[in-house]
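The sequence shown runs contiguously to residue 265 in this note's numbering.
No lab work stands behind these hints, which were simulated from the structure alone. There's no promise every hint is true.
Claimed, not checked - The list that follows gives simulated cross-link-like pairs (lysine to aspartate or glutamate, DMTMM-like), each with its CA atoms no further than 25 Å apart:
(1) Lys86 with Asp33
(2) Lys86 with Glu98
(3) Lys233 with Asp247
(4) Lys86 with Asp101
(5) Lys233 with Glu192
(6) Lys86 with Asp184
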Amino acid sequence: MLVSMDNKLAQIMLDAARLAAETAEAINRGDMDAATRLQQAADNAWQRARRLGQQRVQRPAVNKNLSMRERAIRVLTELNVPCSPKLIAAYSQARSGESFDVRAIASIRRDEYRSWTSGSRRDSYLVPALEGPWFVAGRGTFALSHWPLPQRIVGPLSPRTDHLTVCLHLIDQLESSLDAAAEDRMCTLLVEFVRSVPDALANPWQPQAAVDAVRARNAVHAELELIRGEDQKWRQSEADRATRTLDEEQLVWGSSPPHVARIAT
1 MLVSMDNKLA QIMLDAARLA AETAEAINRG DMDAATRLQQ AADNAWQRAR RLGQQRVQRP
61 AVNKNLSMRE RAIRVLTELN VPCSPKLIAA YSQARSGESF DVRAIASIRR DEYRSWTSGS
121 RRDSYLVPAL EGPWFVAGRG TFALSHWPLP QRIVGPLSPR TDHLTVCLHL IDQLESSLDA
181 AAEDRMCTLL VEFVRSVPDA LANPWQPQAA VDAVRARNAV HAELELIRGE DQKWRQSEAD
241 RATRTLDEEQ LVWGSSPPHV ARIAT
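Can you make the complete structure from the sequences, with help from the hints?
What follows is the structure, encoded as structure tokens:
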């Protein structure tokens, strides 16, 4: 049975404090390799504590009376990365146990754009992520309009970085206070996601692979640390360029690639 989120958060904070103390001891005895390893583990623990703390304060209760739009926005709010319609549907179903028609996303997007162009303003819109050198609207990836621009831009490493970030969120969800049915659904989704992460599962291709949360988290962090910095740098650089070249509407909804005229010969 899962421990409560409060107890889990307290344990993680104790682990982080212990790792920080062990880091200081390693530095004092001159073992810099161990100090570096322990410091990274401590940083990961603090990051995990922050995520669980945010879930504890901000996570809304699952409401089965929400509209498809509200459910999609809730998924994006919780995962906090650009998502495909398939992921939005899968995560929403895992969280609530209610089916989600993935075809609704296209209709929601059209309604969002009509609302935006009509002059009415909402707190947030479901918008396409921006892709490619011309910052065109991504056809299969969605974001929230209030996110910082770098977060809404998708680069070469962004799909993998965001996939790994979702893996960490699913692990945190699995260890939070879920009922038995929700735990099973979240575990199934987590296995599907971490199968592609080296060493995350002991037997990744078993039909019902078991999940060791500590093992999976360590494997995800190991890969994420290799690419996250470069991805963040790329996204920020492209966001700076977009700010200089796009108007307000294009920054939200994407631009069009330049038209190349065909020259008659």
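The hints, checked one at a time:
For the given pair, lysine 86 sits about 42 Å from aspartate 33 by alpha-carbon distance, which is inconsistent with the 25 Å threshold. Between lysine 86 and glutamate 98 the alpha-carbon distance is near 15 Å, which keeps this suggested pair within the 25 Å criterion. Distance check on the hinted pair: lysine 233 and aspartate 247 sit about 23 Å apart at the alpha-carbon level, within 25 Å; holds. A hinted pair counts as satisfied when its Cα atoms are at most 25 Å apart, and lysine 86 with aspartate 101 qualifies at roughly 9 Å.
Using a Cα cut-off of 25 Å, the hinted pair lysine 233 and glutamate 192 is violated, with the two alpha carbons roughly 29 Å apart. Under the criterion of a C-alpha separation no larger than 25 Å, the hint pairing lysine 86 with aspartate 184 is consistent with the structure, at around 19 Å.
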